Amino acid sequence: AQSVSQHNHHVILSEAASLELGCNYSYGGTVNLFWYVQYPGQHLQLLLKYFSGDPLVKGIKGFEAEFIKSKFSFNLRKPSVQWSDTAEYFCAVNAASTSGTYKYIFGTGTRLKVLA
Amino acid sequence: EAGVAQSPRYKIIEKRQSVAFWCNPISGHATLYWYQQILGQGPKLLIQFQNNGVVDDSQLPKDRFSAERLKGVDSTLKIQPAKLEDSAVYLCASSSDLTASTDTQYFGPGTRLTVL
Chain A
41 AQSVSQHNHH VILSEAASLE LGCNYSYGGT VNLFWYVQYP GQHLQLLLKY
91 FSGDPLVKGI KGFEAEFIKS KFSFNLRKPS VQWSDTAEYF CAVNAASTSG
141 TYKYIFGTGT RLKVLA
Chain B
3 EAGVAQSPRY KIIEKRQSVA FWCNPISGHA TLYWYQQILG QGPKLLIQFQ
53 NNGVVDDSQL PKDRFSAERL KGVDSTLKIQ PAKLEDSAVY LCASSSDLTA
103 STDTQYFGPG TRLTVL
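Residue numbers (my numbering), protein chains in the order written: chain A, 41 to 156; chain B, 3 to 118.
No wet-lab data here; the hints were simulated from the structure.
Treat the hints loosely; a few may be bogus.
[Claimed, not checked] Computed far set for chain B versus chain A, every beta-carbon distance over 12 Å:
1. GLN8
2. GLU16
3. LYS17
4. LYS46
5. LEU47
6. GLN52
7. LYS85
8. ASP88
9. TYR108
[Claimed, not checked] In silico DSSO-like links for lysine-lysine, alpha-carbon gap of 30 Å or less:
10. A:LYS153 to B:LYS85
11. B:LYS46 to A:LYS109
12. A:LYS98 to A:LYS153
13. A:LYS111 to B:LYS46
14. B:LYS13 to A:LYS98
15. B:LYS46 to B:LYS80
16. B:LYS64 to A:LYS101
17. B:LYS80 to A:LYS153
18. A:LYS89 to A:LYS101
19. B:LYS64 to B:LYS80
20. B:LYS80 to B:LYS13
21. A:LYS111 to A:LYS98
22. B:LYS13 to A:LYS89
23. B:LYS13 to B:LYS85
Values in this document were obtained by computation on a predicted structure and should not be read as measured data.
We treat Cβ as the ideally placed atom computed from N, Cα and C, and that holds for glycine.
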């Protein structure tokens, strides 16, 4: 069965530290990859997505992610975090099901706390 | 542009009671999703509609959950009867693309259900 793994459940960083959140998926076919973020008290919103082309994708607020097909990974990075990046981050995969429709599968999320 | 609206925001019921949630997607969005997010887990897709047709309901517990999207706009999700393990946040999301493969999902604020 398709699955998405986020290995870091809780991450605490100081401001200006670099961030990398891991995301691995299990699916052998074509996938579309997403990172969603939920800031405290706000809705889930898209951070960035990849479906083709350059495997290094840039998103909002200085975030980027790299798709490495051979490793089934789509890790999220930011060179220097800010206090306002405190949020929960979800990796998601959208892959074709046996019926031909596309199904979203979300990871369990990573809670990031940035200390001022 | 108005976002995805959901109501109620909070609901507390006793087990074996019934409950209904309402979602109004972004105007013009063809695809609507209902997710269940249990504390500490990522969103799990329950059902996906394209216009008023069901695309995927493979993870919907059909013995107690039902959903409809009349006229391809608003949607309701019902649980009858509720169990303790149904305590979760129920998220509604919509996207504009009929293929729903690469399109961004826009999430509502969710309904937090507590079953006692």
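Hints, one by one, checked against the model:
no.	hint	in the structure
1	GLN8	10 Å, violated
2	GLU16	28 Å, holds
3	LYS17	26 Å, holds
4	LYS46	7 Å, violated
5	LEU47	6 Å, violated
6	GLN52	9 Å, violated
7	LYS85	22 Å, holds
8	ASP88	19 Å, holds
9	TYR108	8 Å, violated
10	A:LYS153 to B:LYS85	33 Å, violated
11	B:LYS46 to A:LYS109	24 Å, holds
12	A:LYS98 to A:LYS153	22 Å, holds
13	A:LYS111 to B:LYS46	24 Å, holds
14	B:LYS13 to A:LYS98	38 Å, violated
15	B:LYS46 to B:LYS80	16 Å, holds
16	B:LYS64 to A:LYS101	41 Å, violated
17	B:LYS80 to A:LYS153	35 Å, violated
18	A:LYS89 to A:LYS101	14 Å, holds
19	B:LYS64 to B:LYS80	10 Å, holds
20	B:LYS80 to B:LYS13	13 Å, holds
21	A:LYS111 to A:LYS98	20 Å, holds
22	B:LYS13 to A:LYS89	33 Å, violated
23	B:LYS13 to B:LYS85	14 Å, holds
Of the hints listed earlier, those the structure fails to meet are numbers 1, 4, 5, 6, 9, 10, 14, 16, 17, 22, in rising order.
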